[in-house]
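Undergrad: Now for the letters of each chain:
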Amino acid sequence: MAAAARFTVVGGGLAGLMTTIKLAEAGHQVDILSLVPVKRSHSVCAQGGINGAVNTKGEGDHPDIHVKDTLRGGDFLAEQVSVKGMCYAAPGIIYLLDRMGVTFNRTPEGLLDFRRFGGTLHHRTAFAGATTGQQLLYALDEQVRRWEAEGRVTKYEYWEWLGMVKDGSGRCIGSAAMDLRTNEIRTLPAEAVCLATGGPGIVFGRSTNSIINTGTAAGRAFMEGALYANGEFIQVHPTSIPGEDKLRLMSESVRGEGGRVWVPKTKGDTRPPQAIPESERWYFLEERYPKYKNLVPRDVATREIFQVCREMGMGLGGQDAVYLDVTHIPAKTLDAKLKGVMEIYEKFVGDDPRNVPMKIFPGMHYSMGGLYVNFERGPNDEPLAGSPVNQSTNIPGLYAAGEADYAYHGANRLGANSLLSCIYGGMIGGPAMVAFAKNQAKSAADADNQKYFAEAKKFWEERFSGIKAMQGKENPFQLAKELGDVMTENCTVVRYNDRLKKAVERIREFKDRWKNVNALDTSTVANRHISYVNQLWNMFELAEVIAKSALLRDECRGAHYKPDFKLPEPKSKDPREDAEWMEKWRERNEKWAKLSIAKHNPEGPDISYEDLPTPVLEPEPRWYA
Amino acid sequence: MDTATAQAPAITGTKHVKFRIWRQEGPDGQGHFDEFRVPYRPGANVISCLMEIQRNPVTIDGKQVAPIIWDAACLEEVCGSCAMNINGRVRMACSALIDKVIGEGEAIITLEPMKKFPVTRDLAVDRSRMFEALKRVKGWIPVDGTHNLGPGPRQSPKEQSTMYVLSTCITCGSCVEACPQVTLENNFIGAAAISQARLFNMNPTGRMNSEERVRGIMGPGGIQDCGKAQNCVKVCPKEIPLTTSIAVMNREVTKQVVKDIFFSMGDDNQSTGGPG
Ligand SMILES: Cc1cc2nc3c(=O)[nH]c(=O)nc-3n(C[C@H](O)[C@H](O)[C@H](O)COP(=O)(O)OP(=O)(O)OC[C@H]3O[C@@H](n4cnc5c(N)ncnc54)[C@H](O)[C@@H]3O)c2cc1C
Ligand code: SF4
Ligand code: FES
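Chain order of the listed sequences is A and B. Each residue of the first sequence is one higher than the one before, counting from 1 in the working numbering. Each residue of the second sequence is one higher than the one before, counting from 626 in the working numbering.
Just chain A, with the same shape it has in the complex (with noise of 0.2 angstroms):
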């Protein structure tokens, strides 16, 4: 390798700005592709926080503490020695953040200010107001600007990521690519590639996504042979605003900051709910979890909620919404630490937050499923620093980090632990490719592998042309609805076997229809429906991988949750003193706690599992009444 390689990322969220400024940093040329100007990823809309046990609150917290609640929380499914590694590294990662000039909330000694998230008793979450991820987006993309500035970076803004190219023994040499203005297609030679494209939100239709969360380019990756693991869990968060377009969240550091959550003790009680007196209120989180109360872990959470409005018929005026409560905290404090969220309420709902409780709904927000990684463990079982495998995918060459990896948050993420997970994965990703790319003989610029790419180019320009000539009767657009309603139906909050195999036929008609699409629009110019069109076949794939995770795995874990195949409850308050209880739960944990892995097949996935590594942390059952 050239001591100044080209290596390309996709991405320019957390995880790729922060791979991209590692790979600068260390002298290298680097490629960044994005979908849309990076400072506009998906990342940007992150509200609450990032976590890192810094303890400044005297509360005794510890790396060690963060990473058995990370685990905790994941329900045992997520690769612990990453996990362990994420942990140690936070405190540092938010010092960063916080020299970048991050402009996080403080106390009045002028120290960074932390709050309390979901699945810890402890203040561990460093935040900017509520727009956390903008901040630390904007200060990423300023370190990658200057290394821009400075010849080290260049930015493909508009570009889409369409596929890896790879020489003859399956090494990834770089990319095909379409520029989105002008619809040319260029391949790119890199080192290495890495992956950093983000969640798949949009396969559910609406969700608390931003709209290019398609997951594409894991889609079509997974097509041309990287694994995908864990797809079945995806993380519905409890708190968010239905909305025609989208589902917008209402962040859990509302809750954080005292916001109660409750519906009236009487069904179909029709007073306004400032006018409901305390005792005629049911917080029924607090309720049912005294210690953990509004702050148990997401999917608890979401169940609750679920279950209070489906089950029990308890909603809000029957329908599907309980109240989310502020008014108690003062507008002043309000305004400090959530103005962000409190605004996006008063924006869209029309109704101020900090006076009228405001009604909300669980609602698709997070895939801990992802491409699958590796990592190679070092001494104190963290991610042995330098070493060419962490991160890498199966394929020799392509990276992946962020949320499009699955390997930090298991079966449930805890809140405030992405964006942490995003810059770790980057912190360590970027200087694995280095790593990988001193290892080859050969550079993937070399003159041989121009069939490579000039194989590629064509294969990309004659799909594009294939796809504009498209003149069938589905509309692309309805046809994504018509998917989305399926996914939210079906894969997310409860889960039956039955409905789940029905979904996944449902994903088989519509790939059948796929192609008899339309592709709407013929120009040669900023033509993003061919591009649109594209994306939806790769929908499909995640889509089936993650109804056919779910349909196969029988068990309840963290977001997954069958009630056909739920534990009895133990007879006592710690499942442990259950000795019976213990038993069915080590027998289910035996045949269980594993990875699912989707391997692409044109008839649909093959799933397998493979077990998983538990160096840091034995599995225990999960509770939090």
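Mixed in with the good hints, there may be bad ones.
As the list claims (entries may be wrong) - The calculated lysine-lysine pairs, modelled on DSSO-like cross-linking and capped at a C-alpha distance of 27 angstroms, are:
1. B/Lys640 <-> A/Lys347
2. A/Lys468 <-> A/Lys442
3. B/Lys859 <-> A/Lys347
4. A/Lys57 <-> B/Lys640
5. B/Lys783 <-> A/Lys339
The hints are simulated quantities; they were obtained by calculation from the structure and are not laboratory data.
Following the hints, position chain B with the ligands against chain A.
TA: Only chain B with the ligands this time, still in chain A's reference frame:
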């Protein structure tokens, strides 16, 4: 327009909203309007209506057309993608609720791209000038590296809250669009970048390079081209105190100019009048 006024009385009880949308094929292309009728839904916004049109891209005269091209991502007014002219006023399409827009008396909603940026297609524009301006003001903190160097400098909550507001700029371009000094051809740096220069000069570490940023906003296309129309601050969706930022930076520029004169005089003294 005539047809629109004719429909006006029906609006309160309408089941449909009428859209008049600018179509343009590429940067040099001529344009025209297409009209669409979209079913009215409470809570709908301009983007959700554009999505509705995507699913059925047929104009009022029954013509099948290509769906509209526009920019959007977050749909909650934080990514800055979707600024456009809505009934002649620049604003974010995702937070432009239909009820509000038609409540302003227009019976029909007209969508046009911003005019101070080259059109990519339809409502999508190329806002590179916004990002170039951020390079010009060196809008970043020059950290030594990403290795672990411990915490950053302490800051008071008061400083934090001022900086936080400045750092919520979503680079939407509305301020530039509304500014009478900006044209497609000139390179006036615009309010957003000036305000960013202020932000980084406030940061305890950023302050060390404040001179570079001040120089960045001097010279051709710099802060002195500001005509003080104050349109920027009125249209900013994030309510950033842009005119204050401009005033603050103007003072810094003046200080720099005085300093420069002083030092150049010093240089002159040394080269010509020295005793040597
Ligand atoms: C509303 C909301 C609030 C959240 N709040 C928090 C929070 O408070 N704390 C927390 O820890 N987490 C939070 N999360 C989760 C977190 O924001 C995301 O998981 C995280 O930002 C993902 O970052 P990323 O870098 O992996 O990807 P993204 O930020 O999604 O970036 C993906 C990038 O890939 C690019 N891309 C995708 N496909 C292609 C392609 N084919 N070609 C080229 N480029 C492509 C996109 O343009 C983009 O630049 C929140 C999520 C949501 C939805
Ligand atoms: S200053 Fe305001 S109007 Fe200007 S780009 Fe930033 S957010 Fe938009
Ligand atoms: S879509 Fe992000 S600001 Fe409107």
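Undergrad: Please go over all the hints and tell whether each is borne out by the structure.
TA: Now the hints, each set against the structure:
Restraint check for B/Lys640 and A/Lys347: satisfied, since their Cα atoms lie roughly 23 angstroms apart, inside the 27 angstroms limit. With a C-alpha separation of about 37 angstroms, the suggested pairing of A/Lys468 with A/Lys442 is violated against the 27 angstroms cut-off. At roughly 17 angstroms between alpha-carbon atoms, B/Lys859 and A/Lys347 fall within 27 angstroms of each other, so this suggested pair holds. Restraint check: the Cα-Cα separation between A/Lys57 and B/Lys640 comes to about 56 angstroms, which exceeds 27 angstroms; the hinted pair is violated.
The suggested pairing of B/Lys783 with A/Lys339 holds, with an alpha-carbon distance near 16 angstroms, which does not exceed 27 angstroms.
Hints 2 and 4 from the list above are not met by this structure, while the remaining hints are.
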